[in-house]
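Engineer: Given the structure of chain H, go ahead and fit chains W and B onto it with the hints provided.
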Amino acid sequence: MLLTTILLIPLLGALLVLTIPANFRVLHRGVAIFATGLSAILSLFLLFGFQTGVEGYQFVHKVAWVPSIGLNYHVGVDGINLGLVIMAAWVSFAAALVSYEIKKQDKLYYSLLLLMCGGVIGTFASLDIIFFYAMHELALIPTFIMIGVWGRGEKRVYAAFQMAIYLSIGAMIVLAGLICLYAGAGAKTFDMQELAAICAAEPMSLPLQKWAIPTLLLGFGILVGLVPFHTWAPLTYSSAPSAPAMIHAGVLKKFGLYGIIRLILPLMPQELHPWMEILVVMALVNAIYCGFIAIRQKCFAMMCSYSSLSHVGFIFLGIAVLNNLALTGAVFLMVAHGFLAALLFALNGWLHQQTGGTAMANMGGLMQKMPFIGFIMSATLLAGCGLPFFGNFVGEFLILFGAWQSAWHWPAALGVFTGLIISAVYMLRAIRQVLHGQSPAELSGVVDANAWRKLPYALLIAGLLAIGTWPMLLTGKMKEAVSQTLEPVNSLTVQDQINTPSE
Amino acid sequence: METFESFLTIGLGHYLTVSVILFCLGVLGLLTRRNLIVVYMSLELMLNAANLALVAFSYFNKSLDGQVVVMLVVTIAAAEVAVGLALIVSLARKKLPVWVNDLNKLKY
Amino acid sequence: MTNILLAILFLPILSAAAITLFTLRRPTVSAGISIGSCCLTFILSVLLYRGAVSQGLPLEISFTWLSVGALSVELGFLVDRLSLLMLLVVTGIGSLIHIYSRGYMQGDPSNSRYFAGLSIFMFSMTGIILANNLLMIFVFWEMVGLSSYLLIGFWMTKPSAADAGKKAFLCNRIGDTGFLLGIIILWGTLGTLGFSQINSLLAANPAALGSWTTLVGLLLFCGVVGKSAQFPLHVWLPDAMEGPTPVSALIHAATMVAAGVYLLARAFAIFSLPAAWPESLAWFNFSALEAVAFTGALTALLAALIAVQQNDIKRILAYSTLSQLGYMVMAVGIAYPVAGMYHLTTHAFFKALLFLGAGSVIVALHHEQNIWKMGGLLKRMPITFFTFLVGTLALCGVPPLSGFFSKDAIIAQAFSKSTCLGTISVGVAFLTTFYMGRLFFVAFMGKARSQSAEKSQETPPVMTYPLILLAIAAVFAGFWNVDTWMMRHYGLEPESAGWFAKLLYPFEHAPMAALLSLAAVACGAVLAYKLYYNAKQDVLPSQLGSVARWLKDKFYLDELYENTLIWCQDKFALVCDKFDRWIIGGALVGTVYHGVELIGRLWRLSQTGSVQTYAAIFVFGFVVLAYWVVNW
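Residue numbers (my numbering), protein chains in the order written: chain H, 1 to 503; chain W, 1 to 108; chain B, 1 to 632.
Chain H with its partners taken away, still in its complex shape (with noise of 0.2 angstroms):
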């Protein structure tokens, strides 16, 4: 019941903000901070409730819905996805505060906003892989309307409608995807746990594996921005408003890694090796690729976006390379990155107002005149180079070591070179150019946060500073779902190794 609460509130906070006329706008905004304030503090209970080392799903809410067809109401959450459902319900507060900017229809953008909370806490508590896609469309439709209406710059419809286009196909073919497996395991059920049990116990026929794996994995990698599948991510977020920026690149964009984590490694085990391998290139791609681009990007935005890139090619990485070790670093870098990327566009959104762009070139000595937002960009982007002590560090250092272990040697040592590097030269040189320096006389009206808008951004930093300093926290509970969502893979690989005599 708590998890359908905390995923309910926002939802009802949505009708709610649309019965309020449209001149108590402070009301909107109040019930917007309310619900998601509420639903985040009650994620908490999430945090200290689950028991560390128990195998399944815990805080479970199962309803029948369509019994003819196996489909359910049903949340849960184990270590894969508790990090993620109490991010998405922080990031959806810090949203929530920075939304002040607007100030057009704020109740269509307050009940949106709230939608698309709802959305994203939904998307990764369910179990049912219908309700799984139906809430991330939830949350998606919301980001493409409020793009177009509240977004920056003169390209924010195109932008709207090419993020829509894109995501749109990349559902569509992850439907498919979905379908396929329905259909494979023929056991009537869109059940998670359910289909994970069946698999286990008969494998599904090849043939639909070789199909399947493809399908999701290209429609999954389309939603997260998978090179070449990425050019929607840098316009989208430049274009978009703080909160739909920072819930999309913080918490929805993890749906697609999310999908790949529950849907194709426990479930299609015997087909996956040819793939995954393909995928570990992939991700390489993406980190060094897109590291290279952010390294010339002259928008703060752009480089966020890219930056974002990068760091989901860590994340790819950690899962392709099918090591426990690796696959605890992807999901902590999950969580880690899911704060953020919302760090990163909530600065963003701040520098945007306060200068009116957010060109690099234009900027400069912003510390002086911002001591507090100055102060957060610095350990920000710090933290993003893989900064000790901050989230993204452990994540990284996990995945690499993970790699190593499973004798993927140079996708670790190109790891090593993307973390520790490339990400300091994009880095270092936007604050350099932002932070650093004389500021222009042109922006000698910035200020900084007043108490209030402070807020949000020290919640992230919160976040982010609490894992990296207490990392236990979410991978001592990690353990058991993490294995068991390798156990599969694992054991075939066992089992090869005892069929192929060694050499």
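Source of the hints: derived by calculation from the structure; they are not laboratory data. Take the hints with a grain of salt, since some may be wrong.
As the list claims (entries may be wrong) - When the alpha-carbon atoms are kept at most 20 angstroms apart in a straight line, the in silico SDA-like pairs for lysine to any residue are as follows:
#: 1; chain 1: B; residue 1: 447; chain 2: B; residue 2: 578
#: 2; chain 1: H; residue 1: 369; chain 2: B; residue 2: 67
#: 3; chain 1: H; residue 1: 298; chain 2: B; residue 2: 311
#: 4; chain 1: B; residue 1: 578; chain 2: H; residue 2: 285
#: 5; chain 1: H; residue 1: 479; chain 2: B; residue 2: 447
#: 6; chain 1: B; residue 1: 447; chain 2: B; residue 2: 534
#: 7; chain 1: H; residue 1: 479; chain 2: B; residue 2: 64
#: 8; chain 1: H; residue 1: 62; chain 2: H; residue 2: 20
#: 9; chain 1: H; residue 1: 155; chain 2: B; residue 2: 593
#: 10; chain 1: B; residue 1: 158; chain 2: H; residue 2: 360
#: 11; chain 1: B; residue 1: 417; chain 2: B; residue 2: 285
#: 12; chain 1: H; residue 1: 210; chain 2: H; residue 2: 186
#: 13; chain 1: H; residue 1: 298; chain 2: B; residue 2: 578
Structural biologist: This is chains W and B only, laid out in the frame that chain H set:
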């Protein structure tokens, strides 16, 4: 001789032939006439050609199914005429052309 | 014991947090918190020293920080002779420099930020020192990089300072890439990262690392090259002088840059393994230690040469630091980490002293750093003058000052290993005396060369007392048995001797090395006196011509990197960007986008608008369908 006699005895084939001729006339009218009302009449002609075929089958197969369908077709035709003629009349009232060629607003 | 250790590690970070959260607008309070925490850690370190010695060494305490599957990362403390020595040096000198900073940074509006940075640094540095495993070292290795970045770029509105901070961070990151990869490989082959476990595993089986042996050593050494600013990554350290002078003294002279040497000493068991390369790289065939030794020697020589033609007082000292770090690294490379750590300790004292003295001069001359605008400081700044003189003599290696003993230990060992290295080290000793003599004669002696030098006054006691204390340490550190302490750490049995025997020991033990280095010092001093005493301007450029220019322009290494590595990186980034924008975003996405649009445009031509055309098409289609159905 026998074939000629059977040709003279009116059977299913005759009915169907008439039906086909009527239907083709209807199609031709539909495609070639320019006046909306005449196009409408051609449409009715086609429906009735089909009705004729249905009734003939019904009679020769000793089954009432065909006649039931005819009733349905007649009803639909009536409804359709009611809507269609109403549209035409309202077009005429607005002094708009009732020539098919001029009604091409759905063009790209 | 555990509580003391935890307090030593976490006091500084708590004070940094307190400053950041509460006292940013109260510089005095911030300074108090930071200085207090640092002095307290020093006192605690002394207590730890007494406690640990009485309890018996080594002492290991660890808590699990992160444990996933086979990887377990510990927050672990390893207290042995090595870490105790380093801890005392760092907290002791750190305290003095904290106090000195109070005077040096007087009146700076961002004082609180400065002291917060210093506290973060102390936290990170103690972390490196106390760590019992490599990954924890790496974590704090990154953190010292961060504090260095923050403090170099402290005056961030100054573009040169901001750039220098960035450069330092990136150079360190290049080194750390190798370091982390080395750690990963080490873990992948040995399955552990704790020093005690590594040592016992390698002692039991020196071939435990298999064909990775030398590569692991070299990769770990990459971290050292970055942090200790060895060739070819040394370029960041001179630029780092953009930071406030106490920072240069603490971080970029005495402690942080020495962390690389500390790591070499700490992980000596890995570096000292015999050479073993993978099959495909077998033709390299040198051991990690050889690479270490030659890198160190090359850095020492290169930096000493460059120092000869620099004019900024802090830059001269920075190159001198590089050169001395080269000595230390070389000492480890010739399999004698005892001498490396010994020189690290004495160097920490006299180099901190020199930097603080330079800082004192800089403050007195209103931030003038060019030595050719100083001069005549004996009367005006006597304390600074004499303490600086002590530092200079110690650095040059004049007996019985501390630098003599530690440097001689290295030179003697170098001669016993290889004549080439020995010659280089003696040559560097000569150059050291020469450039330090040049610095001293030009900046302190003779007549005042500028108005600000004429009007200079001695700095306040908060700055001079640390100078005096450090000068005492620089004089007597040679008699503190640092070498015997370190020898015991490495299981060697030192000869016990009184202070007089200690003084004579170098001449008895390896008379040639000692005499050669003394001769080098004498030559250097005489030459410097001849050329620079009362000199109006530098005579070397006219006499040496283009050689002097190469020295002055640091062998054009910065320009070389600028035009090769950075150029390549930039162009590659440019290609990626253009590819993304025009090929993927333009051509590929554009093809799909415009293709769809084109098809739409063509297709809508069929929409004639004439109902009868549609009907005709329909009928035609029906006929075809009917024909097909009937004939099928």
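Engineer: Looking back at the numbered hints, which does the structure fail to meet, lowest number first?
Structural biologist: Violated: hints 1, 2, 3, 5 and 8.
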